[in-house]
Amino acid sequence: DAGVTQSPTHLIKTRGQQVTLRCSPKSGHDTVSWYQQALGQGPQFIFQYYEEEERQRGNFPDRFSGHQFPNYSSELNVNALLLGDSALYLCASSFQGIMNTEAFFGQGTRLTVV
Amino acid sequence: RKEVEQDPGPFNVPEGATVAFNCTYSNSASQSFFWYRQDCRKEPKLLMSVYSSGNEDGRFTAQLNRASQYISLLIRDSKLSDSATYLCVVMNTGFQKLVFGTGTRLLVSP
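So the protein sequences, as listed, match chains A and B.
To convert, take the position in the first sequence, counting from 1, and add 4; that gives my numbering.
To convert, take the position in the second sequence, counting from 1, and add 14; that gives my numbering.
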């Protein structure tokens, strides 16, 4: 059983560019959440997708957008990249039908903006 | 004020020591509580859930005090492999959104 997989694992982009990160949830999971982890900080919630809709959003600008596909996989898009967007981007999947369900994390995508 | 606050450390302890981490949270509506472990440049992994009655998993004991909005993690007989960052995490009602503390770094030395 594959766990949560993210691609790519590493990425270098230039300021002003756009980036798309991808996530495949653990088998049986229907909810995908995205987190940004800056160096020395805990992960910060970006947004969550369930039934192909954004259900909740953290304190991130509209430059951050996402999508969930019918197979539950998800994409995170960031436009007009800033140096401050350099971080580890984590995808977590869970199953909506269970209270307090464990969220499983992918290995993350390390984004460097230069 | 951050919603979840932790001492970032680092905590430097010798093998075999007992070490305790504390965490406070500000949202009284928080319903679920966890400790996650994160190794350097890796993803967070669930260490244990935290229940009001307190719970133990081998050398690890977690406690929750809802009245004080305080969570703790005790590690007994520390091993070199326990060296990692320990993240205090709360989940609020409704959506499965996790709110993380900054993390406490533990370094266990021989």
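Source of the hints: derived by calculation from the structure; they are not laboratory data.
Please note that a few of the clues may not be correct.
[To be verified] Calculated lysine to any residue pairs in the SDA-like style (CA-CA distance at most 20 Å, straight line):
hint: 1; chain 1: B; residue 1: K56; chain 2: A; residue 2: L85
hint: 2; chain 1: B; residue 1: K111; chain 2: A; residue 2: F68
hint: 3; chain 1: B; residue 1: K59; chain 2: B; residue 2: L94
Do the hints match the structure? See the list:
Distance hint between K56 of chain B and L85 of chain A is unfulfilled; the C-alpha atoms sit about 23 Å from each other, more than 20 Å. Between the alpha carbons of K111 of chain B and F68 of chain A the distance comes to roughly 17 Å, so the proposed pair stays at or under 20 Å and holds. Between K59 of chain B and L94 of chain B the alpha-carbon distance is near 18 Å, which keeps this suggested pair within the 20 Å criterion.
Going through the hint list in order, the structure does not satisfy hint 1, though it satisfies all others.
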